[in-house]
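Q: Sequence:
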Amino acid sequence: MTGLERNVASLFSNGGHLFVVALDHPQFFGPVEGIDKPAELIERLSMSRADGFIVNPGITRLLNARTVSGKKLIVRSSIGGSKFSDYKTFHPAVVS
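Per our numbering, residue 19 is the first one in the sequence shown, and the count goes up by one each step.
Worth flagging that the hints you see were computed from the coordinates, not collected in a lab. Accuracy of the hints is not assured; some may be wrong.
Unchecked claim - Cβ-Cβ distance ranges computed for the label pairs, FRET-style:
# : residue 1 : residue 2 : range
1 : K55       : M19       : 34 to 40 Å
2 : S28       : R67       : 15 to 21 Å
3 : G48       : L22       : 27 to 33 Å
4 : K55       : F30       : 25 to 31 Å
5 : L63       : T20       : 29 to 35 Å
6 : T78       : G52       : 32 to 38 Å
7 : P75       : F37       : 21 to 27 Å
8 : A83       : A27       : 19 to 25 Å
Backbone N, C-alpha and C define an ideal beta-carbon position, used for all residues, glycine too.
With the hints as constraints, model all of the structure from the sequences given.
A: Put into structure tokens, the structure is as follows:
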């Protein structure tokens, strides 16, 4: 099993199902009402049945480790365009 296969399998450790709350929309769409304070929203949703959250890289530093303990944290790895730029279709993946 490769590292990628192990990592993907760990995402589906909840009986083969995965439910994540996507909060990465502002990177492309700009501020979005209702998810304009993602750290506070994650705090409120931390006790929900959601398995985890999809966030932009800058959000991770705002999170309390205790809040996301036991949750999957998926960090968006594409960078580049937004609907406001000339490069809206340009999304290179950055993976480390």
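Q: Each of the hints needs a verdict: does it hold here or not?
A: Hint by hint, here is what the structure shows:
no.	hint	verdict
1	K55 with M19: 34 to 40 Å	39 Å, holds
2	S28 with R67: 15 to 21 Å	18 Å, holds
3	G48 with L22: 27 to 33 Å	32 Å, holds
4	K55 with F30: 25 to 31 Å	29 Å, holds
5	L63 with T20: 29 to 35 Å	32 Å, holds
6	T78 with G52: 32 to 38 Å	20 Å, violated
7	P75 with F37: 21 to 27 Å	22 Å, holds
8	A83 with A27: 19 to 25 Å	24 Å, holds
Checked against the numbered hints above, the structure violates only hint 6.
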